[in-house]
Every structure is written in structure tokens, then in C-alpha cells.
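Asker: Which chain is which? The protein sequence lines are A and B, in order. Position one of the first sequence corresponds to residue 5 (this note's numbering), numbered consecutively onward. Position one of the second sequence corresponds to residue 44 (this note's numbering), numbered consecutively onward.
Bear in mind the hints are in silico, worked out from the structure with no lab data behind them. A portion of the hints provided could be inaccurate.
What the hints assert, rightly or not - The calculated lysine-lysine pairs, modelled on BS3-like cross-linking and capped at a C-alpha distance of 30 Å, are:
1) 62/B x 7/A
2) 102/A x 96/B
3) 81/B x 52/B
4) 102/A x 59/A
5) 75/A x 81/B
6) 84/B x 7/A
7) 75/A x 79/B
8) 83/B x 7/A
9) 67/A x 102/A
10) 52/B x 96/B
11) 52/B x 62/B
12) 96/B x 7/A
13) 65/B x 79/B
14) 67/A x 62/B
15) 61/A x 75/A
16) 63/A x 83/B
17) 79/B x 52/B
18) 102/A x 79/B
19) 75/A x 102/A
20) 7/A x 79/B
21) 21/A x 102/A
22) 102/A x 61/A
23) 67/A x 79/B
24) 62/B x 75/A
25) 96/B x 75/A
26) 83/B x 67/A
27) 7/A x 67/A
28) 63/A x 7/A
29) 84/B x 21/A
30) 62/B x 79/B
31) 61/B x 63/A
32) 84/B x 52/B
33) 67/A x 81/B
34) 102/A x 84/B
35) 84/B x 65/B
36) 21/A x 67/A
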Amino acid sequence: SQKIEQNSEALNIQEGKTATLTCNYTNYSPAYLQWYRQDPGRGPVFLLLIRENEKEKRKERLKVTFDTTLKQSLFHITASQPADSATYLCALRTGFQKLVFGTGTRLLVSP
Amino acid sequence: DTEVTQTPKHLVMGMTNKKSLKCEQHMGHRAMYWYKQKAKKPPELMFVYSYEKLSINESVPSRFSPECPNSSLLNLHLHALQPEDSALYLCASRGDRVNEQFFGPGTRLTVL
Chain A
5 SQKIEQNSEA LNIQEGKTAT LTCNYTNYSP AYLQWYRQDP GRGPVFLLLI
55 RENEKEKRKE RLKVTFDTTL KQSLFHITAS QPADSATYLC ALRTGFQKLV
105 FGTGTRLLVS P
Chain B
44 DTEVTQTPKH LVMGMTNKKS LKCEQHMGHR AMYWYKQKAK KPPELMFVYS
94 YEKLSINESV PSRFSPECPN SSLLNLHLHA LQPEDSALYL CASRGDRVNE
144 QFFGPGTRLT VL
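For reference, chain B alone in the conformation it holds in the complex (with noise of 0.2 Å):
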């Protein structure tokens, strides 16, 4: 399985709401990544994790929380977002012999 998963596709949010993004691998890849990438732009680093553990935060604003409950599963929890948070968040895993990522289809966030 070569896949890298995220749910949901699409996510509406008030300015109020807690939610959370999911993303899922099974290729054994002990570091994972999120990204967030708005229209027209190349993906932006938010966090990696490496073994589980949170090794960058690429100065993230608080309201996004980053979980690694275990190797495969990464989860980005969204609390008091703003609109211009609006984007596509993007996943990534990376093996250790190997230096290509494999990102996920991502989840087109919009704030309201």
C-alpha cells in the first residue's frame, strides 16, 4: 500500500468551531508532515513528526494542534480558525531510506 489517505475531501468551518483533520499511512514511514497550501501557491511546511515525535513547528499559530497517536496516523486539530486559514492542508509521509514524500489528496478547508 503506497497510499497516503486524509480525510475528510472537503471541510466547512465557522470561526467558533473545533474540528480535526485526519491522515493515514501504512508504508511503515516514521516521519509525517503537514502542509497548507493556498491557491495558486507551492506548499507551505506547517509540522513534521518523526518517530512520533513533533520535531518542527515552522512557527504555526496555536489555533492549529497538531496529534501523532501512533506511526501511522497523523491528526491536525482546528480550533478558532479564520478565514484567510481558508486552504488546502496537505499530508505527507517520508521512509528512512528514502528522500521523496508521498502526500495525500488533501482536505480543502474553508473558513467562515
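The shape of chain A in the complex, shown without the other chains (with noise of 0.2 Å):
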């Protein structure tokens, strides 16, 4: 069956630490691979994009990598703040105008 997993349920770590996200997926072959960023009662809002044959971007303090091989996606966050708390989902186009969200994960960054 087709799965997109995120690692554990929440991420607690310290200001100015790098958080570091995870996204395994089975059964798909993305073209590309999306991170969003969503706070409670919010709607999610689009971070980065990288495509099947990039193995790295970065924006600011974030970067994604992609290895199509392993079926995986990081999603770091360097310097973070506490500002940066909130649920990153990743997301894979699996068709024409589809995008199918991962389980997400919520991360807490304490002062």
C-alpha cells in the first residue's frame, strides 16, 4: 500500500539547536516532494519544493534534500526559534493536480 510517514508524532528541542525532520514514503515515485508548514486552526503554507533529480535546496535557514533511492526526504531547520513551532507536513504529487500530505510532525522549540 502507498505511505507517506513522518517521524514521531512531536519533536521537542532547544533554541538555536538544528531540528531535523524526516519523510519516508513506500510505493510512490514523485516528481517532487513539498513541505508545508501549518499552525493549529490555520491553514498549511508552502516552505520549499525539490524535485526528483535534485538532491538539495535551501532557503534561509531551511534546507530539504531528496534521495529517491532510499524513498526519503529531510527537512532541517538551522537556528531555530521558538517562533518555529508549528506542524511541517511534507507532500508528494502523485498525479495530475494531486497531492498527497504525510502524516506530519509537530515541533516545539523552548527558549
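If you follow the hints, you should be able to join the two separate chains into one complex; please do so.
Answerer: Here it is as C-alpha cells:
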């Protein structure tokens, strides 16, 4: 069956450290993978997209890697801040117009 | 304007009621989406409209009826819902030349 799983329900880290979130998928061959941030009671907000032929993408304090052999993406937030606390969702394009979301990881950054 | 708006923000309805959710965007996006999100779960795709035509229906029960009156508007008509339909309903849009989806703030629906 097709699955998109993200590591642990919640991740607690100290301010200033690097947060690393994992997205693993099975039985998909996505052309690209996206990461979104979602705050409680709000809609997801797009952060980064990485294509199947790209190994790494960066945007400010964010870095995403994509390993199509391992079927895994890693999402890093460096120098994390309490304002980074949110749920982070990976999403795979699984067909024309279709995006499927992972289970999500709730990140809590403590001062 | 890079915003997707949704009304109402909250909706409480009985199982015999008929209500509608509304979504609007003025970014010129021709793909619009409805998602359903239960607490602590990811958004689940319900419907996709492309150029005002329904292109994807993810086997959604007929008590949910989508409508796309024009390229800026998307409605979701609700009738005879069940308590398990209570959720956050999210609308999103996507442009032709971009891959990311822009989400609205959602409508929190409670069915009594």
C-alpha cells in the first residue's frame, strides 16, 4: 500500500539547535516533494519544493534533501527559534493536480 | 493579492440542515481544491477543479456537492451531514506555472 510517514508525532528541541524532520514514502514515484508549515487552526503554508533530480534545496534557515533511492526527504531548520514551533507536513505529487500529505510532525522549540 | 479567503470561519449545523462553504481567490489560479482535515491528521483531498471543471472526486459521499461558478470562486454545498463530517475544511488554489498550493484559513465545521 502507499504510505507517507513522518518521524514521530512531536519533536522537542532547544532554541538555537538544528531541527531535522524526516519524510519516508513507499510505493510512490513522485516527480517532486513539497514541505508545508501548518499552525493550529490555520491552512498549510508552502515552504519548499524539491524535484526528483535535485539532491538538496535551501532557503534561508531551511534545507531540504531528497533521496529517491531511499525514498526519503529530510527537512532541516537551523538556528531554530520558538516561532518555528508548528506542524510540518511533507507532500508528494502523486498524479496530475494531486498532492498527498504525510502524517505531519509537530515541532516544539523551547527558549 | 496572494490570499485565499474562506467563509464562514466557523459553522455549526444539524444533520438535516443545508449549508454552503465559500472559497475565493484573485490570483488567476485555474486549479482549486477542497480538502478535509480531522484533528491531528493531514489534509485529505476531496475535490479538484481545473478551469472550472471537476477533474478529481476522491470518492466523496454525495452529501458533499462542489461547485465552481467562475474561476475565482469555489463552493462546497453540504446536505444531511453526519457528526463524523465535523472537521476543518480547507480550500486551496494553484497556478498553472507553479507547483505549490495556496491554502485558505479553513472553515471549522461542527455537525450536531
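Asker: Can the restraint linking residue 52/B and residue 96/B be considered satisfied, given a maximum Cα separation of 30 Å?
Answerer: holds, 26 Å
Asker: Under the criterion that the straight-line Cα-Cα distance not exceed 30 Å, is the pair residue 102/A, residue 61/A satisfied?
Answerer: Answer holds: residue 102/A to residue 61/A is near 22 Å, not above 30 Å.
Asker: For a C-alpha distance cap of 30 Å, please report whether residue 21/A and residue 102/A respect it.
Answerer: violated, 34 Å
Asker: Hinted pair, alpha-carbon criterion (30 Å max): residue 83/B, residue 67/A. Please report holds or violated.
Answerer: At roughly 25 Å apart (the allowed maximum being 30 Å), residue 67/A and residue 83/B satisfy the hint.
Asker: Is the hinted pair residue 102/A and residue 59/A satisfied, with a Cα-Cα distance of at most 30 Å?
Answerer: Cα-Cα ~23 Å, so holds.
Asker: Going straight from one Cα to the other, do residue 63/A and residue 83/B come out at no more than 30 Å?
Answerer: holds, 27 Å
Asker: Hint check: residue 67/A vs residue 81/B, CA-CA at most 30 Å. Holds or violated?
Answerer: The hint holds at about 29 Å.
Asker: Do the alpha carbons of residue 62/B and residue 7/A lie within 30 Å of each other, as the hint requires?
Answerer: Since the Cα atoms of residue 62/B and residue 7/A sit roughly 34 Å apart, the hinted pair is violated (cutoff 30 Å).
Asker: Has the given pair, residue 75/A with residue 102/A, been kept, meaning a C-alpha gap of at most 30 Å?
Answerer: Roughly 19 Å between the alpha carbons, so the hint for residue 75/A and residue 102/A holds.
Asker: Given the hinted pair residue 62/B and residue 79/B, is their Cα-Cα distance within 30 Å?
Answerer: holds, 16 Å
Asker: With the threshold set at 30 Å, check whether the alpha-carbon distance from residue 75/A to residue 81/B stays at or below it.
Answerer: Between residue 75/A and residue 81/B the Cα gap is close to 26 Å, so the pair holds against 30 Å.
Asker: Holds or violated: residue 96/B with residue 75/A, Cα cutoff 30 Å?
Answerer: This hinted pair is violated, its Cα atoms lying about 34 Å apart.
Against the hints set out earlier in the document, violations occur for numbers 1, 14, 21, 24, 25, 31.
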